[in-house]
Amino acid sequence: MCLRAIGYGCGMELKVTDLAVGRGGAPVLAGVSFSLPGGQALVLRGPNGSGKTTLLRTVAGLQVPMAGQVHGAEDRIAYAAHADGLKAALTVAENLRFWASVFGQSDIAPALAAFDLEDLVERRAGQLSAGQKRRLGLARLMVTGRDVWVLDEPTVSLDAASVALFADAVRGHLARGGSALMATHIDLGIEAETLDVSGFRAAAAQMASTDEAFL
Amino acid sequence: MCLRAIGYGCGMELKVTDLAVGRGGAPVLAGVSFSLPGGQALVLRGPNGSGKTTLLRTVAGLQVPMAGQVHGAEDRIAYAAHADGLKAALTVAENLRFWASVFGQSDIAPALAAFDLEDLVERRAGQLSAGQKRRLGLARLMVTGRDVWVLDEPTVSLDAASVALFADAVRGHLARGGSALMATHIDLGIEAETLDVSGFRAAAAQMASTDEAFL
Amino acid sequence: MPDLGKYADAVLSAYAVSIVLLVGIVVLTVWRGRRVRAEMDAVEKRSGRNG
Amino acid sequence: MRALFFRDLALALRAGGGFGLGLAFFLIVVVLVPFSVGPQSALLTQIAPGVLWLGALLACLLSLDRLLAVDWEDGALDLLATSPLPLEGIVAVKAAAHWVTTGLPLVLAAPVLGVLLNLAPSGYGVLVLSLALGTPALSMIGAFGAALTVGIKRGGLLLSLLVLPLYVPTLIFGAEAARRAAQGLDPSTPLFLLAGITLAVLAAMPFAAGAVLRVNLR
Amino acid sequence: MRALFFRDLALALRAGGGFGLGLAFFLIVVVLVPFSVGPQSALLTQIAPGVLWLGALLACLLSLDRLLAVDWEDGALDLLATSPLPLEGIVAVKAAAHWVTTGLPLVLAAPVLGVLLNLAPSGYGVLVLSLALGTPALSMIGAFGAALTVGIKRGGLLLSLLVLPLYVPTLIFGAEAARRAAQGLDPSTPLFLLAGITLAVLAAMPFAAGAVLRVNLR
Amino acid sequence: MSLWEYANPVKFLRLSERVQPWLWAGAAICLGVGLVWGFFFTPDDFRQGSTVKIIYLHVPSALMAINAWFMMLVASLIWIIRRHHVSALAAKAAAPVGIVMTLIALLTGAIWGQPMWGTWWAWDPRLTSFLILFLFYLGYVALWEAIEDPDTAADLTSILCLVGTVFAVLSRYAVLFWNQGLHQGASLSLDKEENVADVFYIPLLVCIGGFVLLFLALVLYRTGTEIRLRRTRALIAREARSAGLHAEGA
Ligand code: HEM
Ligand SMILES: Nc1ncnc2c1ncn2[C@@H]1O[C@H](COP(=O)(O)OP(=O)(O)OP(=O)(O)O)[C@@H](O)[C@H]1O
Ligand SMILES: Nc1ncnc2c1ncn2[C@@H]1O[C@H](COP(=O)(O)OP(=O)(O)OP(=O)(O)O)[C@@H](O)[C@H]1O
Ligand SMILES: [Mg+2]
Ligand SMILES: [Mg+2]
Chain C
1 MCLRAIGYGC GMELKVTDLA VGRGGAPVLA GVSFSLPGGQ ALVLRGPNGS
51 GKTTLLRTVA GLQVPMAGQV HGAEDRIAYA AHADGLKAAL TVAENLRFWA
101 SVFGQSDIAP ALAAFDLEDL VERRAGQLSA GQKRRLGLAR LMVTGRDVWV
151 LDEPTVSLDA ASVALFADAV RGHLARGGSA LMATHIDLGI EAETLDVSGF
201 RAAAAQMAST DEAFL
Chain G
1001 MCLRAIGYGC GMELKVTDLA VGRGGAPVLA GVSFSLPGGQ ALVLRGPNGS
1051 GKTTLLRTVA GLQVPMAGQV HGAEDRIAYA AHADGLKAAL TVAENLRFWA
1101 SVFGQSDIAP ALAAFDLEDL VERRAGQLSA GQKRRLGLAR LMVTGRDVWV
1151 LDEPTVSLDA ASVALFADAV RGHLARGGSA LMATHIDLGI EAETLDVSGF
1201 RAAAAQMAST DEAFL
Chain U
2001 MPDLGKYADA VLSAYAVSIV LLVGIVVLTV WRGRRVRAEM DAVEKRSGRN
2051 G
Chain F
3001 MRALFFRDLA LALRAGGGFG LGLAFFLIVV VLVPFSVGPQ SALLTQIAPG
3051 VLWLGALLAC LLSLDRLLAV DWEDGALDLL ATSPLPLEGI VAVKAAAHWV
3101 TTGLPLVLAA PVLGVLLNLA PSGYGVLVLS LALGTPALSM IGAFGAALTV
3151 GIKRGGLLLS LLVLPLYVPT LIFGAEAARR AAQGLDPSTP LFLLAGITLA
3201 VLAAMPFAAG AVLRVNLR
Chain D
4001 MRALFFRDLA LALRAGGGFG LGLAFFLIVV VLVPFSVGPQ SALLTQIAPG
4051 VLWLGALLAC LLSLDRLLAV DWEDGALDLL ATSPLPLEGI VAVKAAAHWV
4101 TTGLPLVLAA PVLGVLLNLA PSGYGVLVLS LALGTPALSM IGAFGAALTV
4151 GIKRGGLLLS LLVLPLYVPT LIFGAEAARR AAQGLDPSTP LFLLAGITLA
4201 VLAAMPFAAG AVLRVNLR
Chain P
5001 MSLWEYANPV KFLRLSERVQ PWLWAGAAIC LGVGLVWGFF FTPDDFRQGS
5051 TVKIIYLHVP SALMAINAWF MMLVASLIWI IRRHHVSALA AKAAAPVGIV
5101 MTLIALLTGA IWGQPMWGTW WAWDPRLTSF LILFLFYLGY VALWEAIEDP
5151 DTAADLTSIL CLVGTVFAVL SRYAVLFWNQ GLHQGASLSL DKEENVADVF
5201 YIPLLVCIGG FVLLFLALVL YRTGTEIRLR RTRALIAREA RSAGLHAEGA
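Chains as they are written, first to last, in this note's numbering: chain C, 1 to 215; chain G, 1001 to 1215; chain U, 2001 to 2051; chain F, 3001 to 3218; chain D, 4001 to 4218; chain P, 5001 to 5250.
Check the hints yourself; a few may be wrong.
[Claimed, not checked] Below are the EDC-like pairs computed for lysine to aspartate or glutamate, each with C-alpha atoms no more than 20 angstroms apart in a straight line:
hint	chain 1	residue 1	chain 2	residue 2
1	G	K1133	G	D1075
2	F	K3153	D	E4088
3	C	K133	C	E122
4	C	K133	D	D4186
[To be verified] Simulated DEER-style distance windows between Cβ atoms:
hint	chain 1	residue 1	chain 2	residue 2	range
5	U	K2045	P	K5011	18 to 26 angstroms
6	D	R4002	F	P3084	51 to 59 angstroms
7	G	R1201	F	V3112	17 to 25 angstroms
8	U	G2024	D	V4115	18 to 26 angstroms
Don't read these hints as lab results, they were simulated from the structure.
We treat Cβ as the ideally placed atom computed from N, Cα and C, and that holds for glycine.
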């Protein structure tokens, strides 16, 4: 099923070619290439500090690549990381409605339902437990109408039931023709390809850094 | 092995009797009782929002119980939660050394070794990845010299290898006569008793809240 | 030494302040430059050896 | 953009940051002035327009450092940057919300506080007008400063340092207009110049602020 | 406690917050005063002691809101509360670090800025003395205010609102001493009173602040 | 070969190393000759007495204070448009020199003002704009110091420099407007056509030349230092990388 009508750019592929990414001027990963067609998910794996977050931020356009290109990402990405961007003073519904209208959407009910937040709609975000907050942060994805979800450790602090809710949400998203790129240390129970980023560790000599001019 | 000389109050038991805890004036758990002798670990389980964090904060003395008592907790607790209390501008070594001297300790080498932070000692905490930060936050426990570790989802963002490091650290701590009280959603591979807090959910009528005087 | 008259204080202190500041920035610049250069040489030598 | 504006207003109202407090700071600065310079009313009358302008400026400044920092810290700015809204628009909208929650109350309160400082009767109208014309520029320039310092921990004081020299022309023309009116002179030239500055700032500054924010976010 | 003190100093120095910037704010407030009240030097001389005191007070105030808030946000305060250090000691040490990074530089810079405002020559000594006596009280009272508002998002302005009235006695006696000296009168009475206030604040306030912090932490 | 080739750090260093001795020597000679000449061998002014000798420090430093900012503006533009690292670093290197020049102008002016105007400081438009320039310098340097990533810092400070320039010019006019007719001090400063005879003028020119050369020498030297600092940083980063690789490979 392909819901182009509600903004899904179905069939368009996210294509990363020979990407090199860095943090604080130092190269972290180099030579990363993958493509992520609609309807599929790709899970990034790798030990702590291997560069998953850096890669995801680059794909989301939050930092510039040191080399290589990201194609098909403009205005298609919904990004979610540790910092949820939730306002403690606003209620669950207000938080969601805000993000919905930023992305030009209006209906927040499916998102609330998918993450079992209906009982909490009137609760202030600051009064949620860690896992409830996370659920709200993930529900935000569903009101963006974006078709590429870029997720950094989405299941942190979730209990088993919530992880299942999340997996269902991702499956639904994939079924609608969306795609998902996720970094995680645990098994999500979603059929997805895996990419181990530790294979792409940047050898210092091999690639350019911003300080290259000085070497 | 019991190292009372370095501050372990061995044999002393942490004893929680008929504890009721609440958040924002509303009761969350009631009638919680358990005891945790030295050398043992207790894992709290329960779905998101069931009150694990609230219970741990109460045991650590960061909030007052609504009813019941916590015995044997004074000056014995090392608490670690999501917020690590790390200063982004200080290096790994400086952060650890600060906490060591706050707790009257001086040697940070074992902590660095236990969490594989030796290569990162001179790195600023702000330049660590999520998992590296967490490792540093956990290493802090080892420089407190305290014998009751109270940990709220300690393994968040850790990879498998780091979870193993953490489990080893906890096992070492137990072997030295310390004890540990942890809330977690995953399996840590530590032999420990489990307490499911969802059994203690407070029925609103059943117990007194701070607003009791108005009822 | 010229006769500066009643304004001697003003003129002399103006010269003193300026010269102190000028010499200060020059000394600071050179001192830091030397240090950085030495540091760079050390690192270059080290990394040259390592590969 | 509308949603962002109203969210910022709601946050300012609810988080105990907004309306009341910028005003309270203004009030207290104005109240402390007699304590510090002494209570002679002639002296106070003389400095009243200037003190009111300076107080408004400082009250505005004090609330700037959270203008973008809060959204930066909780990740909302990252998320906004990946949203369809342009960064220029985001900064402009946030500056507008800042003005509504800080500048506007100051404009409305200034005449009341003028009484405390024995402001000359002829000064009230132009004081309010000059503040109404000038405070939008203060908010927009402040947003630029906030965008410059957004990634920096404890950036508050650095922000003041960067922003205050940029406030000088606005302050000079604004205070000059209020002072002239209080002395019974014609304030129209400084008022026109003030309006000119504000227009130019509102037209050009969002782009500078957007560019700076883009650099800081990457 | 030593470790906490030096950590706070290190953070102030490293995070670009510390020494320089409180000073910069003081400088800028003093510089903006002539722009707002006008450049006549006789008027400036008259208000100089008051403006310098008020400027120092505001510079001190501006850096208060991060005094405890940073440690609260990143959880360090929770961890410190479970440590062997008494909360009273923690607040007192943090106030001391705040004074060293903010108050002390202000004291040293005040005479230089006095020149800009045409301060009467007889005023310099007492101005510095009164600031040296008064600013420790400002830091300690500020720490109390910070402890009161520590759990509140965007507490900065609320903090000002709470703290400024508490600053009034210090300001009155400090500015009065400086003003008397500048006018060639005997400043000893206000100076003694100022010293008394500071001593009392330093002796009692850590306990109030500790108590408040204890409430906020639970 | 185009001029931009010198934006390459290595080429820049090589060239700057070659011209620097001449700059330093020229600066020393000009300053030595100019200041000695001015201090010892010029007559007193009929109105200002010996204080006129301050002009040999005051005017050159004031000129260089403005020129340093102008240089930073040009360098910032080059960085924004063509992204040559050397250019950004030159702007960074020039700022503290500019601060010192501004300070000298302010301090000598204040010292001069005491006997001439009877006050250290007056809110004369010229003095005031200089004070504002000083504040801009402080903010600029503080921003450089506060940001860790050098390229981010370069971007932000260049934009600050552009915006600051606009506002500095605006302030200059605002200040002129604000203090019109209120202040007589400015009329006391001696006017070139009116007072500055050749006896003062020629040593003054020599001093100005000395300040220009000194400024250039300092900026080139400091730019070199900044380049080396970046290179050291890059080398250390590379070293840490490869060390990490070896450790992991083992
Ligand atoms: C803190 C106080 C002062 C500051 C910041 C200051 C600043 C300046 C500046 C920026 C210039 C160069 C402007 C230009 O060439 O367009 C200048 C030039 C000059 N200043 Fe000052 N000045 C100060 C005090 C004084 C005093 C007290 C005197 C003498 C009574 C004085 C005499 C002069 C003279 C003679 C020139 C050269 C004018 C010319 O060549 O056009 N200045 N000053
Ligand atoms: N500001 C910085 N400056 C220099 N290096 C940094 C900076 N931030 C992170 N790093 C380093 O970059 C590497 C990649 O970090 P990144 O956050 O991408 O890892 P990650 O794969 O997401 O790890 P984790 O699983 O722990 O979240 C790490 O080794 C980290 O130490
Ligand atoms: N400030 C507050 N006011 C009112 N209720 C709150 C507040 N904070 C949390 N709660 C509620 O208290 C309950 C217990 O929260 P707590 O954080 O202890 O849960 P938890 O077991 O730690 O959950 P998680 O696994 O998600 O971390 C939750 O239902 C939560 O919504
Ligand atoms: Mg990560
Ligand atoms: Mg929890």
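Can you list which hints this structure breaks, lowest number first? Checked against the structure, the hints that fail are numbers 1, 2, 4, 7, while the rest are satisfied.
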